[in-house]
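2 protein chains.
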Amino acid sequence: MSILHTQDVNRGGHMPDIAALETGIKKGDRAMLGRAITLVESRRSDHLAQAQELLSRLLPFTGKARRVGITGVPGVGKSTFIDAFGSNLTKLGKRVAVLAVDPSSGRSGGSILGDKTRMERLAVDEQAFIRPSPSAGVLGGVGRATRETMLLCEAAGYDVILVETVGAGQSEYMVADMVDVFLVLMLPGAGDELQGIKKGILEIADILAVNKADQDAGKARRAARDYASALHIMTAGDAAWKLPVLTVSGLQNQGLDALWETMEKHRHVMVEAGLFDQRRQDQRVKWMWAMVEDRLLTRFRNHEKVCRILPGLESDVRNDCKTATQAAEDLLSAFGMGDLE
Amino acid sequence: MSILHTQDVNRGGHMPDIAALETGIKKGDRAMLGRAITLVESRRSDHLAQAQELLSRLLPFTGKARRVGITGVPGVGKSTFIDAFGSNLTKLGKRVAVLAVDPSSGRSGGSILGDKTRMERLAVDEQAFIRPSPSAGVLGGVGRATRETMLLCEAAGYDVILVETVGAGQSEYMVADMVDVFLVLMLPGAGDELQGIKKGILEIADILAVNKADQDAGKARRAARDYASALHIMTAGDAAWKLPVLTVSGLQNQGLDALWETMEKHRHVMVEAGLFDQRRQDQRVKWMWAMVEDRLLTRFRNHEKVCRILPGLESDVRNDCKTATQAAEDLLSAFGMGDLE
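In order, the protein sequences belong to chains E and B. Letter by letter, the first sequence follows residues 1 to 341 in full-length UniProt numbering. Letter by letter, the second sequence follows residues 1 to 341 in full-length UniProt numbering.
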């Protein structure tokens, strides 16, 4: 990428120059941070270039925050939880940023996450910064903007980044791939009332917490014990970190200090095992490849000849009129990468 | 793809013509089936074309078999289990094919699965056909050859296809994506001795069976009960099929009839719920895309300029000297698909 010249900087509209954004962010200027996030979220290729220039300047100032992912089914009380948990942290002197990955926002144009009105205390807390979900970016999808927003927040001095997701589609995996610790909030229940743990979530969860423990403490404790016992049976014994199950109440601010201590303990265990830096390094390389694959497939799917034959081929394969291999070959030939012609 | 002409047919060497293979396979000729599998496993592009021609002719005769995936850790007794389970089925009048997906065979050149000497009864059973792992094919990796071998076996009249895997890397997911029912064999144990269930396996397992129940029946039953109770807590209650846990002994031929009944019941439940055909259709479309992605990425990774800059970029990203987005952009530019230049 070429170095940006002064005359290029403002062709994107009302964007301050990169040096001003860099300086402002390093000072923790919220308005500048907000503008930089808008730049990172933009789909325009000149904005993309500017955003990458800004990020490359800020990279040495990133990476110091606690990166925390949070998921849970609708109704589990994520907003109330984050409002209380984040407020506790700002009282401890930490600066807290709340970001959201909402896989639906790209389609609907709006966002059901990161809504400031759902987090009354954090929304007016000078030490907190709440950013709603970005709409899906072109390069690397919705995940890229959130990951790079996280880097901007780190450069702006935020100590804790809370990344929340509703957990639809692949969004939980996307968030797990950008944080150091992934928290799954569960609802209390007992026996048949237990709502179960979403398949695949055990692969990415680092901590489980049964929320709404204030409603019936005994029920929440039994639920936590049942989950813990199931986890004990289900998971192999040689992992560096054993998935713990806690009970908390976002509404009554119960168990949130213990949860933060557990997160700090997780960090300590991962650092000691040499897995903390490795996880971040692996995440970065994975992001790079995810963006490469995303672009290659987008080009492929948008290729004129591919577009023309794809519906028929997919239908033939679905109806068993053509082998998957032959259909793949036909598509690749149309794209100019065939083997058989 | 063009229709093959007679003079093309033998350019691949000692391969009988496609019509002869087609006729032979439809008659259930084992030698012809063996040759067709060799054709499907070949990496040569002329063989690929011939294999696709053969498969497209045989497609109308495929799809009638029970497709069963089997995995378990080394030492769980897979070979003994398959030998007994398969022999029971041939005694019921079914023709049984045993295939293997071994992710290591591409590298080592050899195979540790599908070895006939491990399955003494099936190896000499006229109603059974055992095929060792293929080495990795070019298009779509090791999975393609196994999937297409399955189709050939179906056209040759095999009623049950058992696809086994050691479960390293992504091989379990690959097998789960080509079968109707996926069986996970477990070792017995109790309490702390339980070996745990590999993360992610719950997403793809349809049946769990604790093997070696002959050694200590009580222990095996307790293990099965513990797993079942953990599964009950861990899984949501709205699925069409509840993952059952059985106890079996491959060595003593115990519980294998009940296991087969459970597989038939699974099929019935899936058909009733309208999920059986949908699963197979989704699998085929997924295979098509997997092959397309595989080829695109292989082309990308082998591209001269990409090869030259990749190690440096990956190292820069790993060491946080460059953003993942910028590195992806650099790679895509080298490939001629950049956005920023």
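No lab work stands behind these hints: they were computed from the structure. Incorrect hints may have been included.
What the hints assert, rightly or not - Listed next, with one range per pair, are the computed distances between beta-carbon atoms:
#, chain 1, residue 1, chain 2, residue 2, range
1, E, 269, B, 267, 41 to 49 angstroms
2, E, 293, B, 252, 45 to 53 angstroms
3, E, 276, B, 29, 55 to 63 angstroms
4, E, 242, B, 282, 33 to 41 angstroms
5, B, 337, E, 126, 43 to 51 angstroms
6, E, 315, B, 170, 41 to 49 angstroms
7, E, 307, B, 280, 38 to 46 angstroms
8, B, 28, E, 276, 55 to 63 angstroms
Said to hold, decoys possible - Here are some, though not all, of the chain E residues that point toward chain B, as calculated from beta-carbon distances under 7 angstroms:
#, residue
9, 200
10, 281
11, 295
12, 298
13, 304
14, 306
15, 307
16, 314
17, 337
Stated by the list, open to error - Once the Cα atoms are required to be at most 25 angstroms apart in a straight line, the calculated DSS-like pairs of lysine-lysine come out as:
#, chain 1, residue 1, chain 2, residue 2
18, B, 242, E, 286
19, B, 305, B, 265
20, B, 286, E, 305
21, B, 91, B, 27
Where a beta carbon is used, it is the ideal one built from N, C-alpha and C, also for glycine.
Exercise. For which of the previously enumerated hints does the structure constitute a violation, in increasing order of number?
Worked result: Hint check: 6, 7, 12, 13, 14, 15, 18, 19 fail, others pass.
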